[in-house]
Amino acid sequence: MSETFDIAETLDVKGESCPMPVVKTKSAIDEVAEGGVLEVLSTDSGSMSDIDGWAEGTDGVELLEQVEDGDVYKHYVEKTN
Amino acid sequence: MSTDTPSAGDDETMTEAQLQARIEELEASVAELEADDDQEKMTIVATQGSFDMAYPPLILASTAAAFGWDVVVFHTFWGLDILHEEKSENLQLSAVGNPNMPMPNSLAALPGMDRMATWMMEKRIDDNGTASIGELIELSLDQGVELQACQMTIELMEYDEDDFYDDVTVGVGAATALQHMAESDIQLLV
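Going down the list, the sequences are from chains H and W. Mapping of the first sequence onto my numbering: residues 1 to 81, in sequence order. Mapping of the second sequence onto my numbering: residues 1 to 190, in sequence order.
Looking at chain W on its own, in the form it has when it is part of the complex:
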């Protein structure tokens, strides 16, 4: 509020022109608020780096971008591997402790089982016409999704900024993620 706002006693003495000006001022600020709210915003925090957990954030992000939304995916901890060019090609599905696997844990723990489970899932994904993780990353970036790589995790994992796909945003932390979350209509932790 500006300090020159008329006091209650002055209200009665406001001229019609002053009231009209005040109405216009309020209408302008309402229009501004409505314009701000026009575009939906979504923030996804991707924390998991297993093969199966890489899909949901990328599918939701690219689809939301097709709706014209402003989308940020903040990748932290294992989720960072999704953006890592080399590691993203080699994400693994865990056979152990996965109740959806058609084998007991005692078998799933044998060497090579994670690789086999991943290979089976990759084959299914290919047969189904589902995009690869690399394709979904390129697609998301093309659609204007902002893929952010948590700077703290980059240092923790001793990754280099050049290890990531081009156009991935680096040099960001929790505060940047929170800022977008606060403005978002939808926030998801994956």
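With the rest of the complex left out, here is chain H:
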């Protein structure tokens, strides 16, 4: 679960829709140091598939977990290099 991650940064994109969750996640992860975990909070249900697809196709990031918590979709992305 989320509490096991040492979160370096939290990005709140609640209320924003495609393409913002992915684009802002990319900008935010660029600022995280290697090994750091970025938490992304979104209300866009499409972000579950989109952030998964983005992480899959992007070097240097790894999607650790996605959690649906009420209306909020939480994503945990690690910067691997």
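To be clear, the hints were calculated from the coordinates, so they are not data collected in a lab. Even for Gly, the Cβ is constructed at its ideal location relative to N, Cα and C. Don't take every hint at face value.
Unchecked claim - Okay, the calculated beta carbon distance ranges per label pair:
#	chain 1	residue 1	chain 2	residue 2	range
1	W	Thr13	H	Gly35	26 to 32 Å
2	W	Pro56	H	Asp52	40 to 46 Å
3	H	Asp59	W	Met116	42 to 48 Å
4	H	Val72	W	Pro56	26 to 32 Å
5	W	Glu27	H	Asp71	33 to 39 Å
6	W	Glu27	H	Asp59	20 to 26 Å
7	H	Glu34	W	Ala109	56 to 62 Å
8	H	Asp71	W	Asn100	26 to 32 Å
9	H	Ala33	W	Glu155	46 to 52 Å
10	W	Asp142	H	Asp59	35 to 41 Å
11	H	Leu64	W	Glu32	31 to 37 Å
12	H	Asp59	W	Glu138	21 to 27 Å
13	W	Glu32	H	Gly35	27 to 33 Å
With chain H held as given, fit chain W onto it using these hints.
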């Protein structure tokens, strides 16, 4: 091929060192080709300037840039209005001939209907938390997307180069677009 490539008859006389050198040469060129192919490239040609048609190229371009792709959007004809600072704020949705509009064409053709349809769509977009066209342009440019304005269309429409958003690339034509398309993994016409 260089002219000093050994002929078939000489192959047998190639020394081990020569073969080794040849292998290294080939390995280097393979590595070079692989490195070239490392970054995905996408070219979008944006030809439409209605409010609804401005969104798909900008959303795809900014998302592709988030993947780290090299992205060019070539704006031509009505698509040029998307990059025009003033006109981009005032793109219209057409109510006529749009089967998704909840009204018959006879009503849709009345004065002010395009403006009303646009206003309704803008409100929906705002309520949904979807970015405005101006925001998506700034976002795309920030992400490193190259937004190109077709020079021929600029002249055809009698626009000035200063009419466009800062960092929009001007002074380019079909050959520049084709060059990027030829190197692209994905090419889209919108």
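ask   = Among the hints numbered above, which are violated by the structure, and what are their numbers in rising order?
value = Hints 1, 2, 5 and 10 contradicted; others consistent.
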